[in-house]
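Please take these sequences and the hints and turn them into a complete structure.
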Amino acid sequence: MRGGDPHIRALMRTISASESNMDEPYRLLYGGKLAEDLSRHPDICVEIVAGPNVGDCTTAAGRYQFLTTTWEAKAEEYHPNPPAWFDVWREYSFQPEYQDAVVHSWLSDPSAWGVDISEMLRQDRLDEVLYMLSGTWTSLGYGIETNSMSSYLPQIYSAMLEEELNQTGATFPFDPGRS
Numbered sequence: 007m008r009g010g011d012p013h014i015r016a017l018m019r020t021i022s023a024s025e026s027n028m029d030e031p032y033r034l035l036y037g038g039k040l041a042e043d044l045s046r047h048p049d050i051c052v053e054i055v056a057g058p059n060v061g062d063c064t065t066a067a068g069r070y071q072f073l074t075t076t077w078e079a080k081a082e083e084y085h086p087n088p089p090a091w092f093d094v095w096r097e098y099s100f101q102p103e104y105q106d107a108v109v110h111s112w113l114s115d116p117s118a119w120g121v122d123i124s125e126m127l128r129q130d131r132l133d134e135v136l137y138m139l140s141g142t143w144t145s146l147g148y149g150i151e152t153n154s155m156s157s158y159l160p161q162i163y164s165a166m167l168e169e170e171l172n173q174t175g176a177t178f179p180f181d182p183g184r185s
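Once you know that position 152 of the sequence shown is 158 in my numbering, the rest is easy, because the numbers rise by one and skip nothing.
Any given hint might turn out to be false.
[Stated by the list, open to error] Listed below are the simulated SDA-like cross-link pairs for lysine to any residue, each with C-alpha atoms no more than 25 Å apart in a straight line:
#1 Lys80 - Gly147
#2 Lys80 - Pro102
#3 Lys80 - Arg8
#4 Lys39 - Pro58
#5 Lys39 - Thr142
#6 Lys39 - Asp106
#7 Lys80 - Ala107
#8 Lys80 - Met7
#9 Lys80 - Glu42
#10 Lys39 - Val55
#11 Lys80 - Leu44
#12 Lys80 - Tyr137
#13 Lys39 - Ser154
#14 Lys39 - Glu103
#15 Lys80 - Arg33
#16 Lys80 - Asp122
#17 Lys80 - Arg19
#18 Lys80 - Ile50
#19 Lys80 - Thr142
#20 Lys39 - Ile150
#21 Lys80 - Leu132
#22 Lys80 - Ser45
#23 Lys80 - Ser99
#24 Lys80 - Val121
#25 Lys80 - Arg96
#26 Lys39 - Pro102
#27 Lys80 - Asn27
#28 Lys80 - Pro31
#29 Lys39 - Ala107
It should be emphasised that the hints constitute simulated quantities derived from the structure, not laboratory data.
Right under this line is the structure:
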């Protein structure tokens, strides 16, 4: 993703490392199969094979493992290219650029979370941010499950932030006056 807040972009990359750390993350379905069509959310129910929800089904898909219902709600609010007003089905494109745009806008919206995530990240409060987001992305280490990446997320975020700041010409740690 180009543009936007480097702290939010680094957080997005950290979420992706935990949720979809595979080739072709934008097409990834829960369980490892790939979606063929990204013109809309795949909405494929896959049985959960591990963790506290074994036997249930999930529609998690894409780089950020959006459930269908979450994608529909957040795309309606944040998608930069909504369907035409007369489109009865209101299907929002799930193409990579839109997955990124929706997540970036959602994470950047203080009213969505009750706090300014970007400011918290600037204040080096990553653990609080991950804890807060773990209800949405359970692999972040504080939710109902963890994975092999969970304990590495602070280091991953730090590395991603340094890369993002270098791309914007900002200093590390971030200097808001230069970016």
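Right, here's what the structure says about each hint:
no.: 1; hint: Lys80 - Gly147; in the structure: 23 Å, holds
no.: 2; hint: Lys80 - Pro102; in the structure: 15 Å, holds
no.: 3; hint: Lys80 - Arg8; in the structure: 20 Å, holds
no.: 4; hint: Lys39 - Pro58; in the structure: 21 Å, holds
no.: 5; hint: Lys39 - Thr142; in the structure: 21 Å, holds
no.: 6; hint: Lys39 - Asp106; in the structure: 20 Å, holds
no.: 7; hint: Lys80 - Ala107; in the structure: 11 Å, holds
no.: 8; hint: Lys80 - Met7; in the structure: 18 Å, holds
no.: 9; hint: Lys80 - Glu42; in the structure: 22 Å, holds
no.: 10; hint: Lys39 - Val55; in the structure: 14 Å, holds
no.: 11; hint: Lys80 - Leu44; in the structure: 16 Å, holds
no.: 12; hint: Lys80 - Tyr137; in the structure: 20 Å, holds
no.: 13; hint: Lys39 - Ser154; in the structure: 19 Å, holds
no.: 14; hint: Lys39 - Glu103; in the structure: 20 Å, holds
no.: 15; hint: Lys80 - Arg33; in the structure: 18 Å, holds
no.: 16; hint: Lys80 - Asp122; in the structure: 18 Å, holds
no.: 17; hint: Lys80 - Arg19; in the structure: 19 Å, holds
no.: 18; hint: Lys80 - Ile50; in the structure: 18 Å, holds
no.: 19; hint: Lys80 - Thr142; in the structure: 12 Å, holds
no.: 20; hint: Lys39 - Ile150; in the structure: 23 Å, holds
no.: 21; hint: Lys80 - Leu132; in the structure: 23 Å, holds
no.: 22; hint: Lys80 - Ser45; in the structure: 16 Å, holds
no.: 23; hint: Lys80 - Ser99; in the structure: 12 Å, holds
no.: 24; hint: Lys80 - Val121; in the structure: 17 Å, holds
no.: 25; hint: Lys80 - Arg96; in the structure: 13 Å, holds
no.: 26; hint: Lys39 - Pro102; in the structure: 17 Å, holds
no.: 27; hint: Lys80 - Asn27; in the structure: 22 Å, holds
no.: 28; hint: Lys80 - Pro31; in the structure: 19 Å, holds
no.: 29; hint: Lys39 - Ala107; in the structure: 23 Å, holds
Violated hints are absent here; each numbered hint is respected by the structure.
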